[in-house]
Amino acid sequence: MIVIEVLAGGVRGGTAILYAALGETLAERAGIINLGTEGSMLAGALTAYAITAETGSPWAGVVTGALAGALLAAVHVFMVVARGANQLATGLVVLFLGGGLTAMFGAAYVGRSITPFRPYAIPLLSDIPGLGPVLFDHDPLVYLSYLLAPALWWLLFRSRWGLIVRGAGEHPAALSAYGHSPKLVRYLAVIGGGLLTGIGGAHLSTAYANAWFENMTTGRGFIAVALVIFAAWHPLRAVGGAYLFGAALALSPALQARGYGFNQFVLDALPYLVTIAALIVLGRRRINAAPEDLSRVFDLTPSR
Amino acid sequence: MLAKLRNLATVTAVAAAVTLLAACATNSSTATPAAAASGAPGTGGTKIGFIFVGPKDDYGYNQAAYEGSQAVAKAFPAMEVLTAENVPEDDNAARVMEGMIRKGAKIIFATSYGHKDPALKVAAAHPDVVVLQQGNIVDGAVPPNFGTYFGTVYEPVYLAGIVAGKTTKSNKLGYVYAFPISQTLDNINAFQLGAASVNPAAKTYVVNTSSWCDPAKQAEAAKSLLSQGVDVISQHQDCTATVIRATEAAGAYTVGYHADASSLAPKGWLTGSQWNWGPLYTKMTQKIMDGGFTGSPYNANFRVGLKTGDNPFVQSAYGPSVSEDAKKLATDAMARISKDGSPFLGPVTDQAGAVKIPAGTVPDYKTIESIDYFVTGVVGKIPSS
Amino acid sequence: MTDTQVTVPDVRPQIVDNRQKQVLGWVVAVAGAPVIFGAFVAVKGVNPFTVYADMLTSLADPVQGQAVLVRAAVLLLAGLAVAVPARAGLLNVGGEGQIVIGAVSAAGVGLIADQRLPGGLVLVLMVLAAMAGGAAWAGLAAGLRLTVKVNEAISTLLLNFVAIDIMLGLIYDPWKDASGFGQPSSRPLADTARLPLFTTGGTLNAGIVLALLALVGVWAALRYTTWGFRLRVVGGNPEAARRAGMRVGPLLLSAMLVGGALAGLAGLVHFAGTEFKLRPGMTTNFGYIGFLASWLAMHRPLRVGLAAVLLAAIAMGGDSLQIDAGLPAASLNVLMAVVLLVVLGSRLAPRRKS
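Residue numbers (the working numbering), protein chains in the order written: chain A, 1 to 304; chain B, 305 to 689; chain C, 690 to 1043.
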């Protein structure tokens, strides 16, 4: 029983991380890392909550939340592509910007009530023992993520579009030789990534916690950044990783509710530890999996 | 080049030695007074300062304190009330309080438990300013311009426990909390003691989130409790909406905390505990402005409860599902505590069954506020030894 | 990449030492950022001119001035912790974790020794422990890079969160203050073992001296020593450095260790100068803000000092945002972000591959 509860909790709690990780995968595949993921999530969470409160429709909330996430990502990609600023530094700035703006403008919505997304058990499928409650008794945004991850995989690895996106991340020179603009591709990929990240934030506020609160993401954006690396920039592997990290968050309350004491800091550190472990074990192979032009981001600074 | 470097090193070392010598004052939290007091502490100001640890609109602890500050503003229209939210429980707090004093505040309310150390520091540096700290407790002598104050929070929680114990069908109650601080342990224990007093089979299952407000962790905590068959959930969190909504959605009962949130749980709301700081803040402010603070009951670890009256923490209104029977039991208990009792009237035993408070003993506030164990009937471990 | 026809902006910040343009960038930032932030403030219904006037007045106060320097000391060390590895072409995003480990190491020594040994000696031991702890934490990342080629930007970032969890694990249980009414924090450090203050009743502690010493030391070391020269060569072109017979691995390791030690020292200054106990959230993004300070300063030590003071002043000005204007505390993050965006964006704009 506890296994099913923790796994279901992993899917539920991992979904916000999954959306953010898919968005970040898209951006990084195009060669741009965005440490401001947390900021985009917060923007998505607040906007979705506020619009849901105003319109009564969580779907309207998700759409606008996605746009808000994209807007912050747009600031990031503009700074990086048009102004040549350092990606890591700009990402952190966007993080502070998102956190600050949502705190500044979110105060009015802290106590507001909304009509949130409701869990919807899929007939038949949800009756499958074990699998049913884990996978098929969730809110619509969880189901949407089931479709999104394969779709992104197909887009990146099976479509012409994906070739261009990955080209921007691997060999921008070659890409421009074929008449495509790596700049444009990067804009689209990062902003698209921000859209997905915004949905992740929206899931937190309008489907999972059903509340808005200042800094409510509490580090989930960074977990998403770690997850992208853990999953070696692969959308489908990100799914497993997101649920694993989600399950780590769900394990502690599940054990406590059964009367077991638990040191939750080991679990809290888990996403980062397994990512480091994966980097060590897979070492060179993992580095090779990184988009080549992205790797260059890290080899920085000949500062004279 | 090297010679140049050596010179540089010498110069730097000398400079460092000189500066370190200059920096000879002790970095102590009990600094000597900066100025001698003139007149009674706390009088003659034009402003009153309030600092909060969280946002002032959290529908919880900080909002309650903020509303209290606004009541003070209303009661003393000649005074300007300064507020600062999200003030961390560290030296930043001292700085913010200093800033308020600079602007003319002679009375400061530091409203979070962890604001005590900086509050003491500021009080020591400004003998003409009265600093009041909400919720913590001073060991030993209390400075003449300092005081802590709080309500006996656990009393209304005990009453709510009675209602919960009478209402539950599964005999499983749930409690979501943040940190195992004494105040929280008191609440959980009082909740369980109240429930057990009317329903010996009732047990309280506890889950901690290690955060005063992490809505996603709260959602998961509520889910876990509900899946264990818990049918009444209470909490000690700064933001409360997530747990209440999850409980209501699952058709279980809610016992509120901090504020009346019955609108979030129209069906399952039982009762709760809520703050009403305005009257106490106003009384204390009046006393200070009259020049009578030093030596007054407020110049101490001031605690109010059902017995003294003026408890700033009161029981919330009942919801539709509370039986008349439960209401009567709660009313009786309230009368009992008001007379001479305490939710912690012995015997109180811990989880292992050891007697912690002997039969017939009414522990004092200090004892209650130092409790570091769960009582019999609480299921779960304190996340530390 | 040697292909020069590409118009893709190079993500490596080639530092073009064009003072005029830099000065212009700073001017634009100084003028532009307040306008943007003022617009946000105005949307919240607060008069931006009053806000700025109040902020400046509050900073003019000597008490607030001290607070700026106290914070700047930590940020300066956190910035140098990024600047030194950056010279060797390494990205240290792990200042936050190294600061935490530094504070934890200092606290560990302090908790054992502060009742038994004279205060000055305890302080020296804590300094050493903090620097060793920070260096070790950064060394982990350097080791991973040198042995299994794990990128140090990623590993230092991930290690931040691990460090924080280590600290939380300690203060929730083994190091919890027994007389702290259950609050998760360590016992306060004895008065004698704290960093001395300049003035009785003030807040400015000797941490600023340590920070300035570190600044001068780093500046001189990078400028005048062979080590500093070699770091720059490695940072400029590791392949060329290797061909020139330099041992690149140990050089990279040393840069990272020095960076970590500086961050550890920042942890000590914050712990023994201001906090005196470990508690959740005690570092409040110092590492990340230090990272940004270093970027603002293009990793030049002396300019890191200026950037640290600027960012500290913005943070302290944030107090007045709350008290005077009633804006949420986090609003100051918006102001800081806008300033950084404008500086980072305007400075590098004219840069093109030649």
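I should point out that these hints are in silico values taken from the structure, not numbers from a laboratory. Worth double-checking, as some hints may not be accurate.
[Unchecked claim] Simulated DEER-style distance windows between Cβ atoms:
id : chain 1 : residue 1 : chain 2 : residue 2 : range
1  : B       : PHE380    : C       : PRO751    : 52 to 58 Å
2  : C       : GLU928    : A       : SER159    : 56 to 62 Å
3  : A       : LEU184    : C       : ILE725    : 23 to 29 Å
4  : B       : ASP636    : A       : SER113    : 57 to 63 Å
5  : A       : VAL266    : B       : THR671    : 30 to 36 Å
6  : C       : ARG912    : A       : ALA174    : 37 to 43 Å
7  : A       : VAL266    : C       : THR973    : 22 to 28 Å
8  : B       : ASP644    : C       : GLN804    : 51 to 57 Å
[As the list claims (entries may be wrong)] Taking lysine-lysine and the DSS-like style, the derived pairs with C-alpha atoms no more than 27 Å apart in a straight line are:
id : chain 1 : residue 1 : chain 2 : residue 2
9  : C       : LYS733    : B       : LYS685
10 : C       : LYS733    : B       : LYS407
11 : C       : LYS865    : B       : LYS670
Since the structure is predicted, the reported quantities are computational estimates derived from the model, not experimental observations. Idealized CB from N, CA, C, for every residue including glycine.
### Query
Which earlier hints can't be squared with this structure?
Numbers 1, 2, 4, 8 and 9, in rising order.
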